[in-house]
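The chain contents come next:
Number of protein chains: 2
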Amino acid sequence: MTEKLFTPGPVEIPARVLAALAQRPPHHRSEAFRKLFGDVSVRLARLFGTEGRVVVLAASGSGGMEAAVASFARRGEPVLVGAAGKFGERWTKILAAYGHAPEVVAAEYGSPIDPAAWSAALARVRPGVVFFTHSETSTGTLSDLAALARAAREAGALVVADCVTSLGVHRFRQDEDQVDVAVAGSQKGLMLPPGLAFVGLGPRALERLAAGGAAGPAFYFDLARAAKSAADADTPFTPAVSTILALDESMRMIEELGLENVWRRHASLARAIREGATTAGFRVFSRAPADSVTALVPPDGVDPSAVVKHVKSAHGLVLTGGQDSLKGKIVRVGHMGLAYGPEDAVVVCRALEDAAMTLGATGRSGAAAAVAQRALESPA
Amino acid sequence: MTEKLFTPGPVEIPARVLAALAQRPPHHRSEAFRKLFGDVSVRLARLFGTEGRVVVLAASGSGGMEAAVASFARRGEPVLVGAAGKFGERWTKILAAYGHAPEVVAAEYGSPIDPAAWSAALARVRPGVVFFTHSETSTGTLSDLAALARAAREAGALVVADCVTSLGVHRFRQDEDQVDVAVAGSQKGLMLPPGLAFVGLGPRALERLAAGGAAGPAFYFDLARAAKSAADADTPFTPAVSTILALDESMRMIEELGLENVWRRHASLARAIREGATTAGFRVFSRAPADSVTALVPPDGVDPSAVVKHVKSAHGLVLTGGQDSLKGKIVRVGHMGLAYGPEDAVVVCRALEDAAMTLGATGRSGAAAAVAQRALESPA
Numbered sequence: 001m002t003e004k005l006f007t008p009g010p011v012e013i014p015a016r017v018l019a020a021l022a023q024r025p026p027h028h029r030s031e032a033f034r035k036l037f038g039d040v041s042v043r044l045a046r047l048f049g050t051e052g053r054v055v056v057l058a059a060s061g062s063g064g065m066e067a068a069v070a071s072f073a074r075r076g077e078p079v080l081v082g083a084a085g086k087f088g089e090r091w092t093k094i095l096a097a098y099g100h101a102p103e104v105v106a107a108e109y110g111s112p113i114d115p116a117a118w119s120a121a122l123a124r125v126r127p128g129v130v131f132f133t134h135s136e137t138s139t140g141t142l143s144d145l146a147a148l149a150r151a152a153r154e155a156g157a158l159v160v161a162d163c164v165t166s167l168g169v170h171r172f173r174q175d176e177d178q179v180d181v182a183v184a185g186s187q188k189g190l191m192l193p194p195g196l197a198f199v200g201l202g203p204r205a206l207e208r209l210a211a212g213g214a215a216g217p218a219f220y221f222d223l224a225r226a227a228k229s230a231a232d233a234d235t236p237f238t239p240a241v242s243t244i245l246a247l248d249e250s251m252r253m254i255e256e257l258g259l260e261n262v263w264r265r266h267a268s269l270a271r272a273i274r275e276g277a278t279t280a281g282f283r284v285f286s287r288a289p290a291d292s293v294t295a296l297v298p299p300d301g302v303d304p305s306a307v308v309k310h311v312k313s314a315h316g317l318v319l320t321g322g323q324d325s326l327k328g329k330i331v332r333v334g335h336m337g338l339a340y341g342p343e344d345a346v347v348v349c350r351a352l353e354d355a356a357m358t359l360g361a362t363g364r365s366g367a368a369a370a371v372a373q374r375a376l377e378s379p380a
Numbered sequence: 001m002t003e004k005l006f007t008p009g010p011v012e013i014p015a016r017v018l019a020a021l022a023q024r025p026p027h028h029r030s031e032a033f034r035k036l037f038g039d040v041s042v043r044l045a046r047l048f049g050t051e052g053r054v055v056v057l058a059a060s061g062s063g064g065m066e067a068a069v070a071s072f073a074r075r076g077e078p079v080l081v082g083a084a085g086k087f088g089e090r091w092t093k094i095l096a097a098y099g100h101a102p103e104v105v106a107a108e109y110g111s112p113i114d115p116a117a118w119s120a121a122l123a124r125v126r127p128g129v130v131f132f133t134h135s136e137t138s139t140g141t142l143s144d145l146a147a148l149a150r151a152a153r154e155a156g157a158l159v160v161a162d163c164v165t166s167l168g169v170h171r172f173r174q175d176e177d178q179v180d181v182a183v184a185g186s187q188k189g190l191m192l193p194p195g196l197a198f199v200g201l202g203p204r205a206l207e208r209l210a211a212g213g214a215a216g217p218a219f220y221f222d223l224a225r226a227a228k229s230a231a232d233a234d235t236p237f238t239p240a241v242s243t244i245l246a247l248d249e250s251m252r253m254i255e256e257l258g259l260e261n262v263w264r265r266h267a268s269l270a271r272a273i274r275e276g277a278t279t280a281g282f283r284v285f286s287r288a289p290a291d292s293v294t295a296l297v298p299p300d301g302v303d304p305s306a307v308v309k310h311v312k313s314a315h316g317l318v319l320t321g322g323q324d325s326l327k328g329k330i331v332r333v334g335h336m337g338l339a340y341g342p343e344d345a346v347v348v349c350r351a352l353e354d355a356a357m358t359l360g361a362t363g364r365s366g367a368a369a370a371v372a373q374r375a376l377e378s379p380a
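Chains as they are written, first to last, in my numbering: chain A, 1 to 380; chain B, 1 to 380.
Calculated from the structure, these hints are not laboratory results.
Even glycine gets a Cβ: it sits at the ideal position worked out from N, Cα and C.
Watch out, some of these pointers could steer you wrong.
Here are the simulated lysine-lysine pairs, PhoX-like style, with alpha carbons at most 25 Å apart [stated by the list, open to error]: (1) B/LYS329 x B/LYS86; (2) B/LYS327 x A/LYS228; (3) B/LYS228 x A/LYS35; (4) A/LYS312 x A/LYS327; (5) B/LYS327 x A/LYS35; (6) A/LYS35 x B/LYS4; (7) B/LYS4 x B/LYS228; (8) A/LYS327 x B/LYS228; (9) A/LYS35 x B/LYS309; (10) A/LYS327 x A/LYS35; (11) A/LYS93 x B/LYS228; (12) B/LYS35 x B/LYS228; (13) A/LYS86 x B/LYS228; (14) A/LYS4 x B/LYS35; (15) A/LYS228 x A/LYS86; (16) A/LYS312 x B/LYS35; (17) B/LYS35 x A/LYS327; (18) A/LYS228 x B/LYS93; (19) B/LYS329 x B/LYS312; (20) A/LYS327 x A/LYS86.
According to the in silico footprint, chain A covers these stretches of chain B (three or more CB under 8 Å from chain A) [said to hold, decoys possible]: (21) 55-66; (22) 108-119; (23) 152-160; (24) 207-219; (25) 251-265; (26) 284-290.
Covered by chain B, according to a simulated footprint, are these stretches of chain A (three or more residues, beta-carbon under 8 Å) [said to hold, decoys possible]: (27) 51-65; (28) 103-117; (29) 140-153; (30) 216-223; (31) 229-242.
Can you build the whole structure from these sequences, using the hints too?
Next up, the structure:
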């Protein structure tokens, strides 16, 4: 059976993006590449919504997070982290590796970062820089990025956000939302193979890089150097040229549909999956569900890993379970990027309901797919 | 005109490797990928010649160098660097970024690292770890890796070598050559697009990682963590799956020809280019020329950048000039990987001779291509 990934990244790569990946790549110091990379950079800044600059690193998203820590956390300056799961906690781990001891506002798993607790911590800690997660991939939870960023800015902090699973999925306008540094990765909403990290640097972030003073050390992940090169449509180290060729194509897909429509399409698909899955007896794990990843608690007595196994063997859909403390508790369905269309909500919900029924859940109506279909047709 | 890269990395990617790149990539946590990655890892260790382990990072070669520095240089322990050009100097720059002040044995550009000066420095500095370059890409110079490593081991140091442009080109057997840590990149002898770094960790390096004590900080580039994951055919962060699919194919090409034959083929091609280019009035810049990159000084009165331009426009061959202080002084011809065959020596030498004659060099015989051809046919 042909399988389709419904994983929280990597995501299915559209055929035209794979084809772009297989082009014979130009030399990274050639005029042809410089022209392409300059063009791609301008379009990335538009996608992020910044008047600043987006730098491209050959690394995974975690490398982008480390670059933000190495380039913006200063020795002796308080740091605040907002965490709603495994990826929020990663900020703390990276900061600790660099010798910082951040204060943490931790949300219960499945809840977003609490704006009131965040504001209280800002007043108490008076951080020079804050780090938090927009869409928390481990729990399928969306925090209120604009509110958290606004409060942090008002408290005088530089704002760094992990937008790895929100860019190209959820409404995000970096400058308008008052985010100074936004980190993203390639194998999510940008529907590329893994291997690129993106760091959106707003005007305030660029100023701060020019002024220096980060605790570092930073060499490969030195964003000051990367920003300087980016001004000349260049990179300090050899870029992952083939993946950038594919990026040109995947951004073209986003541009053709229009960014607002891309957000709407994700919202509609995610809502239909939530409604259909609920009908199938699953409970949406998150109290503030993201449109990138849906975390579901199976009906009583149904083992999440059995759901993952059944949905794969009987329907060819690849889902994942929870990580670390959520292992054996949830099923996660990823649906980022334009390889997923509205019809996938129906496909996923039919498979989930079949799994629930096959695995012994009682009192199911058999209407999950129809509910998903109706949700797609009704206005948001 | 179709162009062919003769650049010191990236190199031309064989068609079958590009085709592998365009496969629909499996999820990096799937059994299919784990099996592939386990297999690839075993073959990489065979290619490096180590009983240890080769870790794969989503990064450029410089990221691999930084990983070696972050994971092996200890606070307060003396460090020695051997440098014969720009990439040797990069070790010093990365070490400085991490707060180390290495002693440096610097060779004149075009000369290899001097074993006598190296031994004297080892005795004086008594380093805990040494860093040096095997094939120096900026000058086309090969240093005597085995001699440098042996001396460093005898002096009690851990041995780290940049093998970025020697792996898959020059004879290199990591354990036998007494190299503890060997760094390589994807877009050179492994004929892949840029985006992967490889770090070969010999048995002593693995022991040292297990014992801890590196000055760090390291998170993304923490080789202890990467080695631990590699033992389970896994990576700590999302791997660049598509490039690893292509690696599977490019290593297959090397295995089909046989590693000894791959080295021989590079040696033969490089010798023929040197002999033909000399006949065309060029001077080989290096006193110990590498088989990966040939650096050439054009005939008197002929501008290197004009040679690069002419060879590209009239022959479709992409060469490069020198970097930094060698800008305007040399032409560099790259010939790493199996997209280059013996016939390319003839093609390159014909183009170089045409450039020399067109650009006003006098007394040329017109025999460069024939000399290259004869060199290919004569025993090494």
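Now for the hints, and whether the structure bears them out:
This hinted pair checks out: B/LYS329 and B/LYS86 have alpha carbons roughly 15 Å apart, not beyond 25 Å. With a CA separation close to 21 Å, the supplied pair B/LYS327 and A/LYS228 stays within the 25 Å bound. Restraint check for B/LYS228 and A/LYS35: not satisfied, since their Cα atoms lie roughly 41 Å apart, outside the 25 Å limit. Between the alpha carbons of A/LYS312 and A/LYS327 the distance comes to roughly 18 Å, so the proposed pair stays at or under 25 Å and holds.
Proximity of B/LYS327 to A/LYS35 is assessed by CA-CA distance (about 23 Å); at most 25 Å being required, the pair is judged to hold. Restraint check for A/LYS35 and B/LYS4: the C-alpha separation of about 19 Å stays at or below 25 Å, so the hint holds. The hinted pair formed by B/LYS4 and B/LYS228 fails the criterion: a straight-line CA distance of about 40 Å is larger than 25 Å. Under the criterion of a C-alpha separation no larger than 25 Å, the hint pairing A/LYS327 with B/LYS228 is consistent with the structure, at around 21 Å.
At most 25 Å may separate the alpha-carbon atoms for a hinted pair to count; A/LYS35 and B/LYS309 meet this at roughly 19 Å. For the proposed pair A/LYS327 and A/LYS35, the alpha carbon gap of about 46 Å is over 25 Å, so the pair is violated. Distance restraint check for A/LYS93 and B/LYS228: the Cα-Cα separation of roughly 18 Å lies within the 25 Å cut-off, and the hinted pair is therefore satisfied. For the given pair, B/LYS35 sits about 17 Å from B/LYS228 by alpha-carbon distance, which is consistent with the 25 Å threshold.
About 20 Å separates the Cα atoms of A/LYS86 and B/LYS228, which keeps this hinted pair within 25 Å; it holds. Proposed proximity of A/LYS4 and B/LYS35 is supported: the alpha carbons are some 19 Å apart, at most 25 Å. Straight-line distance between C-alpha atoms of A/LYS228 and A/LYS86 comes to about 32 Å, which puts the hinted pair past the 25 Å bound. Straight-line distance between C-alpha atoms of A/LYS312 and B/LYS35 comes to about 19 Å, which keeps the hinted pair within the 25 Å bound.
Under the criterion of a C-alpha separation no larger than 25 Å, the hint pairing B/LYS35 with A/LYS327 is consistent with the structure, at around 23 Å. Taken as a hint, the A/LYS228 and B/LYS93 pair is honoured in the structure, with Cα atoms around 18 Å apart against an allowance of 25 Å. About 18 Å separates the Cα atoms of B/LYS329 and B/LYS312, which keeps this hinted pair within 25 Å; it holds. Taken as a hint, the A/LYS327 and A/LYS86 pair is honoured in the structure, with Cα atoms around 12 Å apart against an allowance of 25 Å.
Beta-carbon proximity to chain A at under 8 Å applies to 7 residues in the stretch 55-66 of chain B; the threshold of 3 is reached and the given coverage holds. Chain A is given as covering the stretch 108-119 of chain B, and this is violated because 0 residues of the stretch bring a CB closer than 8 Å to a CB of that chain, at least three being needed. By the rule of at least three residues with a Cβ nearer than 8 Å to a Cβ of chain A, the coverage given for the stretch 152-160 of chain B is violated, with 0 such residues. With 4 residues bearing a CB less than 8 Å from a CB of chain A, the stretch 207-219 of chain B meets the requirement of three and the coverage assertion stands.
Remark: the stretch 251-265 of chain B is not confirmed as covered by chain A, as 0 of its residues place a Cβ nearer than 8 Å to a Cβ of that chain, below the required three. Coverage of the stretch 284-290 of chain B by chain A is violated. Counting CB-CB distances below 8 Å, 0 residues qualify, and the rule asks for three or more. Counting residues of the stretch 51-65 of chain A whose beta carbon lies closer than 8 Å to any beta carbon of chain B gives 6, which reaches the threshold of three, so the coverage claim holds. For the stretch 103-117 of chain A, the stated coverage by chain B is not satisfied: 0 residues place a CB nearer than 8 Å to a CB of that chain, which falls below the threshold of 3.
Taking a C-beta to C-beta cut-off of 8 Å, the stretch 140-153 of chain A contributes 0 residues in contact with chain B, too few for the three needed, and the coverage statement is violated. Counting residues of the stretch 216-223 of chain A whose CB lies closer than 8 Å to any CB of chain B gives 7, which reaches the minimum of 3, so the coverage claim holds. Counting residues of the stretch 229-242 of chain A whose beta-carbon sits less than 8 Å from any beta-carbon of chain B gives 6, enough to reach three: the coverage restraint holds.
The structure is inconsistent with the numbered hints 3, 7, 10, 15, 22, 23, 25, 26, 28 and 29, although it conforms to all the rest.
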